[in-house]
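Asks: Here is how the chains run, residue by residue.
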Amino acid sequence: MTVIGTEPEVLTRKDVEHGRWQTDVCAPKRGLPHTDIINRKIVAPGDESAMSRVIRAHEMMHAKISPGAEFKKWVAREIASEEALIACEELRVNFLVGRAGFDVMNDLSDDGETADGERIAMLGDWHSAVMFAIATAGTASSKKYLTGVRRCRRDWGTHLASIQKRAIQHFKKIEQQQRGWETRSVLASTNVDETTGLAPLGFRYTEALAEWIDRIVGQAPPKPDSEDSEDSAGSGETKPGETTKAITPEEFGELLKAKTIDTVSSSDSIPAWGELKFGKVQLDVISTGTMGKKRVATNMGRNPRRVNRYLTDPEYRIFDRRVRARGGIVVLDCSVSMSFTRDQIHTIVKHAPGATVLAYSWNRQGGDNAWILAQNGKMYRELDNIAAGNGVDLPALQWAIKNRRRNEPIVWVSDGGVSGIGDGFHETLDRQCAKYVLKNRILCAKHMTDAVELFKKMATGQKPVTTLPPRLRSYASGQ
Amino acid sequence: MTTATENLPTCWKHFQQCLDSGIDRILLYGPPGTGKTYAGLHHGNVSAGAFRLVCTEDMTNFDVTGGFLPGPNGFQWMFGSGVKAWEGDGLNGGRLVVDEIDKAGGDVFATLLSILDSPESAEWTHPETSRTHRPRPGFSSVMTTNIEDMEDLPVALVDRFPVQIRINEPHPDALLALSADLRTVARNMADAGPRRVSLRAFKTFDQLRKSLGAEDAAKITFKDRAVGILDAMRIEAI
Chain A
39 MTVIGTEPEV LTRKDVEHGR WQTDVCAPKR GLPHTDIINR KIVAPGDESA
89 MSRVIRAHEM MHAKISPGAE FKKWVAREIA SEEALIACEE LRVNFLVGRA
139 GFDVMNDLSD DGETADGERI AMLGDWHSAV MFAIATAGTA SSKKYLTGVR
189 RCRRDWGTHL ASIQKRAIQH FKKIEQQQRG WETRSVLAST NVDETTGLAP
239 LGFRYTEALA EWIDRIVGQA PPKPDSEDSE DSAGSGETKP GETTKAITPE
289 EFGELLKAKT IDTVSSSDSI PAWGELKFGK VQLDVISTGT MGKKRVATNM
339 GRNPRRVNRY LTDPEYRIFD RRVRARGGIV VLDCSVSMSF TRDQIHTIVK
389 HAPGATVLAY SWNRQGGDNA WILAQNGKMY RELDNIAAGN GVDLPALQWA
439 IKNRRRNEPI VWVSDGGVSG IGDGFHETLD RQCAKYVLKN RILCAKHMTD
489 AVELFKKMAT GQKPVTTLPP RLRSYASGQ
Chain B
-14 MTTATENLPT CWKHFQQCLD SGIDRILLYG PPGTGKTYAG LHHGNVSAGA
36 FRLVCTEDMT NFDVTGGFLP GPNGFQWMFG SGVKAWEGDG LNGGRLVVDE
86 IDKAGGDVFA TLLSILDSPE SAEWTHPETS RTHRPRPGFS SVMTTNIEDM
136 EDLPVALVDR FPVQIRINEP HPDALLALSA DLRTVARNMA DAGPRRVSLR
186 AFKTFDQLRK SLGAEDAAKI TFKDRAVGIL DAMRIEAI
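Protein chains in written order, with my numbering: chain A, 39 to 517; chain B, -14 to 223.
These aren't lab readings, by the way, just hints derived from the structure by calculation.
Nothing here was measured: the structure is a model prediction, and the numbers come from that model.
Each computed SDA-like pair below joins lysine to any residue, with the alpha-carbon atoms no more than 25 Å apart:
1) K188/B - G43/A
2) K67/A - A211/B
3) K204/B - G43/A
4) K204/B - M89/A
Among the chain A residues that face chain B by a calculated CB cut under 8 Å, a handful are:
5) H56
6) M98
7) L134
8) R222
9) A226
Just so you know, even glycine gets a beta-carbon here, dropped at the ideal spot from N, CA and C.
Let the hints inform the model, and build the full structure from the sequences given.
Replies: What follows is the structure, encoded as structure tokens:
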């Protein structure tokens, strides 16, 4: 029997040097064929069947367009989860294999998908159901998989089909936006992004889709109705941490439809945050007062949190009490849109005594973009003009979380007009920032007066309640 | 040559830079079908002539220095490529292109070593006229081989060619003979190890597909690999 091999040496990439590949054959079964771009190894079926031919094309497409060593960098951006990136990359690859003239709609299936769909739906595993649906969208596997899902969860079948349709539409839309002079698909681009150094450039469309998929899987599905749940009692139960509010399948469908995929323009560079670069500011003014709180041991109370002291402390201070102390971190957005005067910055720092104050503002020339204006009970005296762009909003907040002691409060003074490298606005960055603020319960103040008011409340022991800055508010519901 | 030096692939750029700098002994090695011999015969200053010598086990010194051949006026001395290249156009030395020198027999190899020796040491005396021939100024030599490991070549020979360049892709000018969609593929496959496909094979495929269509042309040219190569070309074109 003739063994038909793959020919990966034919393929060219702009982000990886051309070289020799190692090839091997395997059975045409899901999970066996694979491509290792880093070590240049490709394993694919070698028989003459139509299915094997499409699988070989699928693996060669991976070799042509998928990220190799760069994949870790994409994951580290934390815009989308690794699992979603892998599933969406399968879709991008299958979509382009179809574009190359291979019949993925009829030939790409190993006939095990119906059982997979049935098993996943029976377990009520919405997360895996979506990932599998995305990975098989637009192929012969998809129909069989959805058939299996519908056997246990009819409503899921409808939702998954709709998700697949929207995901494919996302890629079609990108192709339609392609400029006439571009002879090759931007979806398959292996160029290196000039701003971020990330590659392959075409993978950003996968990332945008994966970010949307993460939101889709984050939406807890409704419990199965009585008709559907006869054979699968207990399946579809809400997992810990998910909302327990009962919704109907129709409402669930509406919630999914409300989630939209971020637009990605082929002419823009990849949205990314800048790197935090600290400038030196002399802190030589003593700042008195406290904004934070700390726990100290006491011999009165209700909860004996320090039982160990019963043996070691002669005064048996086994309880906790909160006292005012230095603490708290204030993250100050000093971009042009905030138009802070020096006096206003000074007022904010003065009203946050004992707190660490980090001011940030993107410097187009690539210089310093973050300055600590107060720390350890000392604050600055003189400040150079620092107002420019944003660029490092999320890294500044991440720095605050990393440097926070226990649960000290973090206050972000910003209008929410966040932007990335080059001061470019992008909804992916907005969303990432909003998610981070909500996840870490960062307090927000949109300008000086709100900040001062917030600090005053905190100083008097009142529990502060804040909302996201207006520009980021629309992302609060995860839409 | 139509491609500017700065746009050449690294290996060809190095070759061109060596020629431009007046280096007169260059060894080109690497996979066959990448245009090494063509470059040796045509690139750089070859106005005084370029003379090719293809080495085999059966060849004799006749091809290098020359020998007597019967003619209408009895036996006459015919110069071999080595001495012809030394003499060039009578004023300046020409270029000697030696293909597959590793395949030459012992005595030919020894003669070639003296032909390719440094100009101060190289000389050969005509057996009939007793005239001593030396390489004229401007004599240069390009040696080509498909051997990948330079340690497989005799030390004395490698020593005469301090510049050794591995040619791993066809010269862009040679690729211009192909249709546009085949140029990148042919370039990539020239150094694909055991799955290498030569530039000549792609030229044949290109010619055949005009009349037979791509599938039949691929079957004739690439045989068992036709389906794999055509599929990969479809992926590459995306």
